[in-house]
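Using the sequences and the hints given, assemble the complete structure.
2 protein chains.
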Amino acid sequence: MVAVGELLSRWHEALAEQSPVAIATVIEGPEGSMGSKLLVAPEDHIGTAGNEELDKAVVEAARGLLEGGRTETRHFGPRGQRRMEDVAVFVQSFAPPPKMYVFGAIDFASAVARIGKFMGYRVIVCDARPVFATRERFPSADEVVVAWPDEFLKTAEVDKRSVICVLTHDPKFDVPVLKTALATEAGYIGAMGSRRTHDNRTARLKEEGVSDEDLARIASPIGLDVGARTPEETAVAIAGEIIALRTEHSGGRLAGKSGPIHVPDTQEAVRNPSR
Amino acid sequence: MVAVGELLSRWHEALAEQSPVAIATVIEGPEGSMGSKLLVAPEDHIGTAGNEELDKAVVEAARGLLEGGRTETRHFGPRGQRRMEDVAVFVQSFAPPPKMYVFGAIDFASAVARIGKFMGYRVIVCDARPVFATRERFPSADEVVVAWPDEFLKTAEVDKRSVICVLTHDPKFDVPVLKTALATEAGYIGAMGSRRTHDNRTARLKEEGVSDEDLARIASPIGLDVGARTPEETAVAIAGEIIALRTEHSGGRLAGKSGPIHVPDTQEAVRNPSR
Chain F
1 MVAVGELLSR WHEALAEQSP VAIATVIEGP EGSMGSKLLV APEDHIGTAG
51 NEELDKAVVE AARGLLEGGR TETRHFGPRG QRRMEDVAVF VQSFAPPPKM
101 YVFGAIDFAS AVARIGKFMG YRVIVCDARP VFATRERFPS ADEVVVAWPD
151 EFLKTAEVDK RSVICVLTHD PKFDVPVLKT ALATEAGYIG AMGSRRTHDN
201 RTARLKEEGV SDEDLARIAS PIGLDVGART PEETAVAIAG EIIALRTEHS
251 GGRLAGKSGP IHVPDTQEAV RNPSR
Chain L
1 MVAVGELLSR WHEALAEQSP VAIATVIEGP EGSMGSKLLV APEDHIGTAG
51 NEELDKAVVE AARGLLEGGR TETRHFGPRG QRRMEDVAVF VQSFAPPPKM
101 YVFGAIDFAS AVARIGKFMG YRVIVCDARP VFATRERFPS ADEVVVAWPD
151 EFLKTAEVDK RSVICVLTHD PKFDVPVLKT ALATEAGYIG AMGSRRTHDN
201 RTARLKEEGV SDEDLARIAS PIGLDVGART PEETAVAIAG EIIALRTEHS
251 GGRLAGKSGP IHVPDTQEAV RNPSR
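Heads up: the protein sequence lines correspond to chains F and L, in order. Using our numbering, the first residue of the first sequence is number 1, and each one after it goes up by one. Using our numbering, the first residue of the second sequence is number 1, and each one after it goes up by one.
Hint data in this document are derived by calculation from the structure and do not stem from the laboratory. These numbers were taken from a predicted model, which means no experiment stands behind them. Hints may be right or wrong, so weigh each one.
Put simply, identical chains are the same to the list, so a pair is met inside one copy or across any two.
[Stated by the list, open to error] For lysine-lysine, the following DSS-like pairs were computed, each having C-alpha atoms within a straight-line distance of at most 27 Å:
hint	residue 1	residue 2
1	K179	K257
2	K117	K179
3	K160	K56
4	K172	K257
5	K257	K206
6	K257	K160
7	K117	K160
8	K154	K172
9	K154	K117
Have a look at this one:
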């Protein structure tokens with residue numbers, strides 16, 4: 001059984017480095033197991049919940065939750081059996097904030113970056129044009145990168161929680177970056193442009209051999225249909241679509257619809273980037 | 001003909017006091033009329049576009065545009081005739097920022113106040129409970145008022161551009177404030193709450209004699225259906241609905257819909273609070 005001190009120092013280290021880590025604590029279980037802790041990182045784990053089989057099940061569950069930055073209580077049998085409730089394990093994810101990549105340092109990008117921060121994302125703005133991709137223009141962005149979007153995205157860290165907004169309007173930039181984005185597991189890929197830009201871009205992507213299935217992954221034209229005209233309104237429309245796609249909601253008005261509304265709970269709050 | 005100096009000083013004064021004023025400038029018209037200016041305030045006007053009949057038509061048009069904080073070029077006949085194009089008048093509105101009233105100083109209200117500022121509103125938060133309605137809790141709000149919501153709203157300035165968000169969840173507060181809100185010309189009235197709260201509130205409002213037509217004016221449950229869980233996500237859902245209702249759009253995703261998208265133009269940008 002690993003010393004708590006070792007676990008705490010690994011935990012502290014992970015937080016300091018913003019590397020993802022989940023802490024699993026037995027909150028219900030057999031005599032003496034209460035409070036047992038596992039630290040679960042993507043590659044390894046330390047500590048124990050009581051026995052190897054249980055640890056195996058907890059580690060697997062914790063990695064799944066960590067991937068989504070989620071915090072939940074999971075139940076297992078004494079030996080890690082599924083569909084048994086004997087052991088309750090509280091799994092708390094400490095995941096770095098999800099990333100929002102904004103390609104195209106146009107005026108609209110600044111408002112998108114600001115609402116990205118509002119929602120709790122780490123925001124990276126990228127444009128090949130040094131004149132546009134400047135700190136001055138994007139004070140709220142965490143990083144402003146001067147590079148060709150597709151080349152930069154190939155080297156960037158992208159996971160299921162990542163959001164990619166392509167605002168370039170320019171096939172020269174956005175066709176290659178969208179192809180690169182489709183090769184990632186990004187949870188949201190959106191592309192800005194008028195209907196004509198959209199149709200033209202779709203045609204070019206097809207020429208490049210992008211499948212209809214992949215095309216369907218691209219939110220284009222980007223955003224919810226709110227009649228957005230200004231950069232701030234467009235940013236709201238994009239933010240709304242990012243949330244709606246993750247939760248699989250329609251984005252229409254709640255008024256006049258029936259059925260329950262998601263009400264916030266602390267678990268969700270932890271699960272969600274905006275906390 | 002009024003001296004330009006007098007017009008400019010009225011103009012300057014209005015901007016300083018944040019009182020609404022529209023400046024109408026003839027940009028196309030008969031010999032010598034080009035550049036003629038009228039200053040149009042809600043109660044009076046100074047200057048001329050060339051003749052009384054034309055002035056009458058321009059003032060009427062300018063007041064309409066000023067009410068919505070809109071800037072547009074309008075066309076008239078030489079004597080102010082409608083459906084004639086001889087004279088083009090550029091009407092620029094200088095309206096104070098529209099107001100967002102947030103009732104209920106709950107945790108969610110802070111995120112709503114922040115996105116209200118993001119969209120360019122003057123944000124006023126009001127709650128009867130001094131412990132909750134504090135500057136500390138609402139740093140981004142322009143005003144934080146401790147008062148009974150309905151009593152405060154009765155004395156507040158509300159126009160067509162005003163937005164009223166009732167987040168109290170508490171019939172004791174929100175039934176009276178919603179009744180008061182319905183007596184105003186507010187462009188948006190939203191009320192937060194679960195389906196049960198909504199049904200219960202609707203029943204109480206009907207008991208209070210509120211008509212179905214008035215009830216239909218209340219966006220309840222408030223916001224777009226994006227599966228919002230956190231305060232920030234809920235704020236995005238509310239902001240999206242505020243925009244969608246003003247522009248008479250449906251919400252829902254643009255992707256997969258057909259028809260043109262509103263693309264921003266400077267005129268709209270001026271018309272809109274967020275610029």
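Structure-based check of each hint:
Taking the shortest alpha-carbon separations for K179 and K257, only the inter-copy value of 23 Å comes in at or below 27 Å, while the best intra-copy value is 37 Å. Taking CA atoms no more than 27 Å apart as the test, K117 paired with K179 passes inside one copy only; the shortest distance there is 26 Å, against 36 Å between copies. In this assembly of identical chains, K160 and K56 lie within 27 Å of each other by CA distance solely inside one copy; the values are 24 Å within and 61 Å between copies. For the homomeric pair K172 and K257, the shortest alpha-carbon distance between copies (25 Å) is at most 27 Å, but the shortest distance inside one copy (42 Å) is not.
Taking the closest pair of Cα atoms, K257 and K206 come within 27 Å of each other only across two copies (19 Å); inside a single copy the shortest separation is 37 Å, beyond that limit. Proximity of K257 to K160 under the C-alpha cut-off of 27 Å is restricted to the inter-copy arrangement: shortest distance 26 Å between copies versus 30 Å within a copy. When the C-alpha separation of K117 and K160 is checked against a cutoff of 27 Å, the pair qualifies only within one copy, where the shortest distance is 18 Å, while the shortest distance between copies is 31 Å. In this assembly of identical chains, the alpha carbons of K154 and K172 lie at most 27 Å apart only when taken from the same copy (17 Å versus 56 Å across copies).
Only within a single protomer do K154 and K117 lie at most 27 Å apart by alpha-carbon distance; the minimum there is 23 Å, versus 36 Å between protomers.
In terms of the numbered hints stated before, the structure departs from none.
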